[in-house]
Amino acid sequence: MTQAAITEHHTPVEETSTGLNNRKLLMWAFLGSDVMFFGAFIATYLVYRGKSLVGPYPSEVLNIPITTVSTFVLLMSSLAMVLALHYVKEGEKNKGTLWILVVVVLGAIFMGFQFVEFREFAHLGLTPRTNIFGTTFFILTGIHGAHVTIGVIWMAFLAYSSNNGALRSDNALDLEIAGLYWHFVDIVWIVIFTVIYLISANDAPPPGMETITH
Amino acid sequence: MASLWRKLTHHDGNGWWNLPHTPSNEPNPPHEGPIGGAWLGNMWRILTHGGVSHAGPGFYWLVGLFLSIVTLVEVWLFAVEGLGSWYIPLLLFLSLLKFIGVVAFFMHLRFDHRLFTYLFGASMVVGIFIFTLLLLLLEFGNQPPN
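From first to last, the protein sequence lines are chains A and B.
Just so you know, our numbering puts 142 at position 140 of the first sequence, and the rest follows in order with no gaps.
Just so you know, our numbering puts 92 at position 90 of the second sequence, and the rest follows in order with no gaps.
None of these hints come from the bench; they were simulated from the model.
All of these numbers come straight from a predicted model, not from anything done at the bench.
Built from N, CA and C at the ideal position, the CB exists for glycine as well.
Please note that a few of the clues may not be correct.
[As the list claims (entries may be wrong)] Using C-beta positions, here's what the derived DEER-type ranges look like:
#1 B:ILE71 with A:THR18: 37 to 47 Å
#2 A:ILE145 with B:LEU139: 16 to 26 Å
#3 B:PHE142 with A:THR129: 29 to 39 Å
#4 B:TRP88 with A:ALA206: 17 to 27 Å
#5 A:THR20 with B:LEU139: 29 to 39 Å
#6 A:ARG25 with B:GLY123: 19 to 29 Å
#7 B:PHE142 with A:ARG121: 34 to 44 Å
#8 B:VAL75 with A:GLY144: 22 to 32 Å
#9 B:PHE142 with A:GLY114: 33 to 43 Å
#10 B:LEU64 with A:PHE159: 27 to 37 Å
#11 B:LEU85 with A:ALA168: 48 to 58 Å
#12 B:THR134 with A:VAL56: 23 to 33 Å
[What the hints assert, rightly or not] Here's a subset of chain B near chain A, in silico, CB distances under 8 Å, partners left out:
#13 LEU64
#14 GLY66
#15 GLU76
#16 SER97
#17 SER125
#18 LEU136
#19 LEU140
[To be verified] A few chain B residues facing chain A, derived, Cβ under 10 Å:
#20 GLY84
#21 TRP88
#22 LEU93
#23 PHE107
#24 MET109
#25 PHE118
#26 THR134
If we strip away everything but chain A, and leave its shape as in the complex, we get (with noise of 0.2 Å):
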């Protein structure tokens, strides 16, 4: 590393083609692969949106007050995870992992919710080899949870991390590449709930083909 190559705050920059960090703009190559991975189901679900043959149906099952305040519970893990990097990055060791603690539970407490809503769902009768609605929502929401569970095991080692003062603010890098995979995460759930809930809420059956009685 040369003198030339230190900035004015002594962060090292990255002797590669590109002057970037090599991992950060890998994390981005993957989040931009994994638009295309969730573009793909999002579109398969509204293709085969209102095309159930039998019940139960969107209308039937959603539930938008609950799934307003888990969408909320995710974008407020979102504020905390940029919070804990501007802390780690301050090297403020305590807020840093303080933060970091919440995405934790704030993720958990995502999951929590989406484990109560397929539980719920089953209970009415709805599992993805019901019908076509069962088969596009589950894979698309299920495939999520699996990125919010691995971001959830990921900030829990973090946390760990940085309260054993392994994650300090000179290799804070490390929690800003984990922090695009947890805003990536947010952001396709943003999708989602306007998609799959806001917009496919209102598909109610065919007449005369109700499931559901409440």
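Use these hints to put chain B onto chain A, whose structure you have.
Same frame as chain A, but now just chain B:
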């Protein structure tokens, strides 16, 4: 009008949304506010971070508040009847606002090297292309021949 257009769209140093060149490890460039490099950026710096040159917790809380309010508006739209054909476009617009808020500020694309923006933007374009193609193909591809 031409001046306003230039400020909105140009990235040549005078635009409100001017993207700075920064080293990868310094996503918050000096002399650059979260909204822009001109007076708007300075105003935000003073409001949110005590005059320090990059976005701080106050600004992130503001973005969080904005995201929460937009979510509440979305749910309110869901409850309102009579929006008709405006309902879906309005929801998609609000969803786009939240998307941009998270990507630009929480993911730091607003502050970061523009190569990341190009990489993610290109993926979005390809993703939306695949998305549209799939919708069209499955919507019209199974039609019986006349």
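We went through each hint and held it up to the structure:
no.	hint	verdict
1	B:ILE71 with A:THR18: 37 to 47 Å	holds, 40 Å
2	A:ILE145 with B:LEU139: 16 to 26 Å	holds, 22 Å
3	B:PHE142 with A:THR129: 29 to 39 Å	holds, 31 Å
4	B:TRP88 with A:ALA206: 17 to 27 Å	holds, 19 Å
5	A:THR20 with B:LEU139: 29 to 39 Å	holds, 36 Å
6	A:ARG25 with B:GLY123: 19 to 29 Å	holds, 20 Å
7	B:PHE142 with A:ARG121: 34 to 44 Å	holds, 38 Å
8	B:VAL75 with A:GLY144: 22 to 32 Å	holds, 28 Å
9	B:PHE142 with A:GLY114: 33 to 43 Å	holds, 42 Å
10	B:LEU64 with A:PHE159: 27 to 37 Å	holds, 30 Å
11	B:LEU85 with A:ALA168: 48 to 58 Å	holds, 52 Å
12	B:THR134 with A:VAL56: 23 to 33 Å	holds, 30 Å
13	LEU64	violated, 10 Å
14	GLY66	holds, 4 Å
15	GLU76	holds, 6 Å
16	SER97	holds, 4 Å
17	SER125	holds, 3 Å
18	LEU136	holds, 4 Å
19	LEU140	holds, 4 Å
20	GLY84	violated, 13 Å
21	TRP88	violated, 13 Å
22	LEU93	holds, 5 Å
23	PHE107	holds, 8 Å
24	MET109	holds, 5 Å
25	PHE118	holds, 5 Å
26	THR134	holds, 8 Å
Going down the numbered hints, you'll see the structure goes against 13, 20, 21, while the others check out.
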